[in-house]
Each structure stands twice: as C-alpha cells, then as structure tokens.
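Take a look at the letters that make up each chain.
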Amino acid sequence: MTLSLNLEDMVLLSMPEFIGRFHPVLVHLPIGILLLGCFFQLLTISKRFTSLRPTLPLIYLLGGLAAVFSSITGYLLSQSGDYDGGLVDVHQWLGISVAVISMAVYLMCRKQVKEIWLHFTAALLIVLVGLTGHYGGSLTHGSDYLTAALTEGDSGKTAVPEIQNVQQALAYTHMIQPLLKNRCYSCHGADKQKGKLRLDAREWMLKGGEGGQTIVPGSAEESELIKRLLLPASNEDHMPPREKPQLTAEEIELLSWWIREGADFTKKVADLKQSEKIKPVLLSFQSGTVKTSKGLEDIPAEEVAKADVTQIEKLKQAGVVLIPVTAGSNYLSASFVTAKASPDVLKLLTGLKKQLIWLNMANTQLDDKGLKILEDLKALVRINLSNTAVTDQSMEVLKNLEHLQHVNLVGTKVSVAGVGQLKGLRELKNLYLYRSLVTEKDQPGLKHEFPKVDIDFGGYIVPLLPKDTIEAK
Amino acid sequence: MTRDELNAHRLVKEAQEAQLRSFTRRHFLKESAMGLGALAMGSLLGGCGFGNKSNNPVLYDPAHPLLPKSPPFLGKAKSVIYLHMAGAPSQLELFDYKPELMKMDGQDCPQSLLAGKKFAFITGVPKMLGPQASFAQYGESRAWVSENLPHFSTMVDDVSFLKAVSTDQFNHAPAQLLIHTGSPRLGRPSMGSWATYGLGTENQNLPGFVVLTSGGSFPDAGKSIWGSGFLPSVYQGVQCRSEGDPVLFIKDPNGMSRDLRKASIDAINAANEQEYTNYNDPEILSRVAQYEMAYRMQISAPEVMNINDEPAYIHEMYGTKPGQSCFANNVLLARKLVEKGVRYVQLFDWGWDAHGDGPSNSLNIGLKNKCRSIDKPITALLLDLKQRGLLEETLVVWGGEFGRTPMMENRNGVQNPYNGRDHHTDAFTIWMAGGGIKKGHTHGETDEIGYSAVSGKVDAFDIQATILNQLGFDHEQFTYPFQGRPFRLTDVAGKVIHDVVA
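In order, the protein sequence lines correspond to chains Z and C.
Sequential numbering of the first sequence, starting at 290, is according to the numbering used here.
Sequential numbering of the second sequence, starting at 6, is according to the numbering used here.
Some hints here could point you the wrong way.
Said to hold, decoys possible - Pairs of lysine-lysine residues, derived as DSS-like cross-links and limited to a Cα-Cα distance of at most 27 Å, are as follows:
#, chain 1, residue 1, chain 2, residue 2
1, C, Lys341, Z, Lys702
2, C, Lys81, Z, Lys741
3, C, Lys267, C, Lys326
4, Z, Lys661, C, Lys345
5, Z, Lys642, C, Lys74
6, Z, Lys661, Z, Lys595
7, Z, Lys568, C, Lys500
8, C, Lys345, Z, Lys629
9, Z, Lys658, C, Lys345
10, Z, Lys741, Z, Lys712
Rather than coming from a laboratory, the hints here were simulated on the basis of the structure.
Quantities reported herein were computed from a predicted structural model and do not represent experimental measurements.
One chain only, chain Z, in its complex shape:
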C-alpha cells in the first residue's frame, strides 16, 4: 500500500514544482558570483587592482544568468502555495531586480560606460543581493530566525513558558498558543503555510490543511494534528519534521487533552474537565515542579574520561564481563559471573576507579582482603557481594564508597553491626540482607536506622496450603 501511495505522490508532484525545488540550491550561485563581481569592481578603485577589470564582464554575465535561473525556479516554487503571499512578493521582486540589474551591469561593462557608474551599480547590487537573501532566509527558516538567537536564549528547550499557577492560566493563550508558536508557526504561520495549513488563528486551525481536518474538537484521535504528532519519527508525515525540535510527551498530552475537551480558545484550565491522568501532566508546566528524570539515576550525570583500553583488555582476558553501561557511555559495569576474584584481577579493577559504577562479585571467593583492594572504587553505584566471604570488616570499605545506591549482601557473614556502618551512605536505596548474619530481632532496629532505604531481609515462605495437594476431580 505504501508503494502505491508513493507512486501516486510522484505523479501528483508536478514537473514545475519539481524544478522549483531546485531554487534553494540555485540561489547560492548568484549570491556568491555577484558579490564577488561587485567586490572586484570596487577593488578596481585602487590602482593595484586594475588588472581585475577584464574579468568583470564574465563574472556579471555568469552571476546574471544564475540570477535569472534562480528567479525562474523561485517563481515556480512560490506557485506551490506553501509560502505566505506578502513576504514572497517582496523576495520575488527583489530577486527579479537583482537579475535585471546584473544583466544591465554586464551590458554596461561591455559598452564601457564611465567607471563611476559601475561603482555605483556594484554598491547597489550588494545591497539588493543582501536584502533578497535575507527575505529568502526568512521564508525558509521563519522571520524570527536571525533574532531568535539574540532574544530568546535557550527557548529551544521549553516550548511552553513556565506558568505560576496552571489552573488559573488560560488554556489556549498561555499554553497552547505558545506551544504552537514555538513548534509550528515557522512553517504553518503567517509567513509560510506548508501543506496549506495555518495554525496562528482559530479560523485557520479549524479550516485545516491539505491533510484533512487538523483539529476535530472533542476528538483527539480524529484530529490530524495529533495523528501526525504521534506517528513514528521515521514516518514521512510525522510532525514536526525529524530535524526540527520535537514535542515532549507532556506537550502532546496537553494538546490532545485540549482538543478532547473541545478545543476552546477562551476558557481557563480550571474550567475544563481534567482526568486523573492529565493532572500531573498539567502540573508539569507549572514553575517550581521538580522535573523527575526517569531511569537515569543509576548513571552519574557528569561526564567521565574514557577508561584505559589495555586495562579493559586485561580484565576481559581474565574472564571479567566488562562493558559500558550503555552503548557510548564511558561508565562501566563489571561482572565476575565467569571470573575468579584473584588479587591480581582486583588490582586491575582499581585502574577503573572513575569509570566503574556497577560491580557484580556474586558467588566469587572474594573476602575482606580482596575487598580492601577495591577501596578506591569511589564511583560505584551498585555492588553485589552476595555469597562471598566478606564480613563486617568489609563494611569499613563500603561506608566510604559514598555513591552506593544498591548494596547486595545476601549470604554473607555481615551482621547488624556491620550494616550499621553504612548509615552514612546518603544515596543508599536498596539493601539486600537475605541469609546474612542479620537476625529477625535486628530487623526493626535496622528499619529505624535506615528510614529511606528499601531493606529486603528475605526469608520468604510460600506455605503449603491444603489446596496445593488436593487434585480437583
């Protein structure tokens, strides 16, 4: 089906529009050539450069021809209707005048008119080329493209400005409009109407574009706007185009909710119906809400240098599974599932003290002596010592590894006294103490000592119920 659609598209894409699409490439020729010509012309004012004079007619001729072709392709492109009338008109007539004047200058050169006239026209051409280029740029990138870098700073990050109190905000004016403005207007606004769609006023939005009804009040599912936003980025019809800044999941939720609740242009957020699901989404636009970064907490935020490759190779030779925690990360995870925890290998590990964040030593011969070697691994976030020979003595080492979040002491000789030493680990989240020397009596005390830590003492029993043995008949 996709194939037949593509064929259809290709037939529909008319030849003139196809030629028109060369305009953005072609325009750079007259700009470059003509500016060079004008520059040479002005240089000839100085005696040292009079030798440049014979080249000028040829440069103007080439520049002029390029300008003519650019004008033609530009005209064809403007007929596609994706662009705003006003701005296109200005650009078009400036472009045509550049083409006409450069051809005229060529003739003047050939006719050998007075040098002063040529200097004057050169200056004029520079101004015209500059203006034409500027308006052309505004058409392609949006009229605020140049100034955006100066005025809005890092506006690329948040499309919706933070709101003091979301419930009191006007849904359209304070949330939807800024979002559309920052993410959609540049192609679907006053300057440009790609796909014959404008999103900068109510009547345009409801009218829709080539793709169908952009907004169906009451039904986000039927609204082309939402459909396009939700298409996978690889899809040709996905909006915004892949190379432009994308909407966040919350922003899409916000738009869907607004459409579902009738796409109202005047009401306050508080006056619209809010499901349990949308409430946290709305709240995320309020200033002062803590943005929770999902999932990444197990990897430190700061960058780290690459680990020594020879060191890594040696450890791999020893059977240690040593890989980056995610592809491209310099942080490493090491597992001893098929390696022996000999002192030599452990010493090699210390060379990775900045990069190693996850360490799995479970079921190895590791003892207190061995762990002592690892005392410099300050970056460790997770350590699994289950079923090793470590005792309370090793907790002296662990208590200084201040980034530890997950500590697994299952099946070790660690007692309540040893565990107590870990109290200073402020980032600690999970502690596994199943079959350690911690007794049932110690449990309430530890829970009290580690109020924020999820301690699992294990020892679960699945009792045998009468039902487990009676066969249904």
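Chain Z is fixed; fit chain C onto it per the hints.
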C-alpha cells in the same frame, strides 16, 4: 606408483573435484556480476552516506556472537523470564472478575456479540457462562484474583496487570508465533533471539537463550517459536530439561573420553575454519562458536542445571518434584540460570486449553489443577528473585497466546460435556513484574462481561516493544537487515506501554 599411492592420488583428486564442483556456474556468475556491481554501486553510494546509519549497526560478530554488549539505552532489566501458559488460560477464571457475567449465566449469547465474529469452535448461538471461580481483592492495589491462585494473590502488589491485551489470531500456533516472533507466520526471529542478538550473554559457558518446556507437550507452534529466523542461528533458543540430561546429547558417548572429544571438536573446527576461508559464510563461524560452547557446556551445564544442589527450603518454597519433569522444576531452574547470567529464559507450560471437551480440559477440573501446578512455583520465583536482589534486573512476564470467550463453548453447535470456553482474541490478561515495571498497577479494562477492551487496549507488538524497552532498546531502531530492508521485532507496529513502566 604403488597401489596405495594410486589410491591416495585418486582421493586427493576427488576432493579437489568436489571442491571445484561446489563453485557452480551460478556461483561464479553471482560472485563476478554482483561483486563488480557492488563495487561500482558502493563507490557511487558511499558519498551519499548510504549504509552508514550509525544508529543501526549490525551487532553480529561472527567469531564471538554471544559476547555481552551494552544496550543503546539504560535498560532496567538485564534478563527476562517469560512464563508462557500454552493453550491460553482463561482470564475470566483468574484475573478478570466479571460479576455481570454471572447474571447472564446460562442465557443465550446476545446476537450483538456474535455478529461479524469468528470463533475457533463456537457455531450458532452459544450460552453465556458465568465465572467458574470466586474472586476477592488483594494487596494495597486491591487487584482481583480468583481462588485458583491463592499463593499468587499475595504478590499482586509486585506486578503490573495488562487486562486488555488483544490479538488477531484465534488459533494456538499463529497466536503463539505472533507473541514471541512478531508474526503469525513462520520465519521471524523470536524475542529471545532478538535479545541475545542485541545484548549477547554474560556467561559464555551457557547458552544465552534457554527454553524449558513442561506439561507433557510442546507448544503448538513447535520449535520455530524459539527459532532465530533470519538472525544468525547462534541466537536460537537452546532447549534444556530439568530432568535427566539438562541438554540432550551433551554427554560424551560411552568410550569417548573428554580428551578425545576435545580433539575431535578441534579437528571439526579446523575443517570449518578452512571452509570459512573458502566461502566467507559467517554461519560457519557461528557453527565453530557453537561447538566450542557445547564443549564448555559439558562441564558447566550439568552443574548449573542441576537443581538438586539447592537447599531443601528452596525446594519446599517452589514445590519442586526432583527427578521429574515439571513446571516447578523449570521455574527454579530459570532462577538459577538468570543468576548465572543467562539473558533470556523462556518457559512453556502446556495444557491450558480449557474447551470443556473433557475433564482435563475443563474450567472446573483441568484448569484448577493447572493453576495448582503453577501457583506456588511462580509465587516462589517472584519472592526468591526479590530476596536475592534479582527482581530489580529481571523482567518476569506471564501470559498465554489469547484469552477465552465469556460464552460456553458449543462445539459444532452441541454443548460440550464440561464447562469450557472457546479461544478469544479481543481481551485477555498478561502480567509483568520486576525489571523496572510498576508495582501493584493495572493497565486496561474490559467491558462488563470481559468480552472486549474498554480502555488501555494493547497487543502483542506493544508487549514486545515494552520488553525491548526494559532491556534498553528502542524497538523502532532495533533492526536487522534482511532481504534488502531492515526488519524489526515489532514490524511496523508497537508502542511501549509507558503506563506500566516505573
């Protein structure tokens, strides 16, 4: 020339001819034409940046196909245990409590439910069948669980239920293939193959993708359901057993010493490597790697796969039956394998197809006994993984290939002798736990009689996308080039079910 020399000469000549014969005309034409064409094309396309999409590399290193690799994104789960109840358990007797259905018990099924629907067996107008089990709410999440799963009901605060899973296949084999390979037809790689292709496996002495079956029969889709499809064959599931030899044919035969075995494997590998230099087929290197792994497994597999060295309280917890082949043993084995760094453990338990055509296939007898055989082991698995700190990094998935109808099955228009339900595609329950999945959560809802989804409808592709997401993959970017295009597990569909991701 002596007779022996003559013979040797003839043998060598024969071997050379055999080799030459393997270079067929087709081979020659293909190599020369394609080779030249490819050269020309390559230089033409090179400048356009074709073929070097950095986000989409082929992850396959034929000489070390199973070496562990980092996921592209931070995955919460390191391994997966997938518990598949082959035959499709009835959601209406386990998790999807429908008191309204009880009121309709025995009535004729309304036409509105039958219009335009196709069923595997139901014909004409069947009778409605109320829930054949009593339900209660459990845990802080107040999830409904039936009396059939008394142990599991204590675990509801650790799992996320997907109550409105749907499929478009109403026969076992295609539906199972769809869930595990992303296509109801044969030939696609299974999820475990994708996982080991993408992540390799930590323990090079064990297979990365292990399959364990119980219930006396293979799943209907056969071994293709753990096949590697177009992925290199080294990624296919390795079927193991919890009874007798863990891996079939792994023991040295009588009279074959380990040294002799090593020598013969070395010789075979040398021949295969010679073959590889001739043909450059990466599958040959895979085969070499497989032989080497098999040799290592001869030592390590019996050790890991022997559940007898587990202490008695663990056996009690799981309710194992040492020496026999059963689901409980497989579940305990799955825990041991995951602990040893196996990436993907796939369990199939056969016998959940409660049509009502016989006592062992009925809701009141057969289903109850099946539930009894899984209830304790599954509960033990979750608790055991939890106390070992493994549940955090192990994704456990439980489910069937489809659900069962709220109607009682009337095969060929005649009521079945026992209470049973037909295959149903529109709504059934799957649950997930661990591996970064929300605890005590329910996603999706079915209508008053559990016939179709009201909200939160998901399908096989969404589940696959979510599993890959937990392993650290974007299912849309995770592809393998085959037949001239990149293939995905989720084909052109699938959305991560973010609602169940913690």
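Quick rundown of the hints versus the structure:
{"no.": "1", "hint": "Lys341/C - Lys702/Z", "in the structure": "22 Å, holds"}
{"no.": "2", "hint": "Lys81/C - Lys741/Z", "in the structure": "21 Å, holds"}
{"no.": "3", "hint": "Lys267/C - Lys326/C", "in the structure": "35 Å, violated"}
{"no.": "4", "hint": "Lys661/Z - Lys345/C", "in the structure": "25 Å, holds"}
{"no.": "5", "hint": "Lys642/Z - Lys74/C", "in the structure": "21 Å, holds"}
{"no.": "6", "hint": "Lys661/Z - Lys595/Z", "in the structure": "25 Å, holds"}
{"no.": "7", "hint": "Lys568/Z - Lys500/C", "in the structure": "23 Å, holds"}
{"no.": "8", "hint": "Lys345/C - Lys629/Z", "in the structure": "14 Å, holds"}
{"no.": "9", "hint": "Lys658/Z - Lys345/C", "in the structure": "25 Å, holds"}
{"no.": "10", "hint": "Lys741/Z - Lys712/Z", "in the structure": "11 Å, holds"}
The structure fails to meet hint 3 from the earlier list, while all remaining hints are met.
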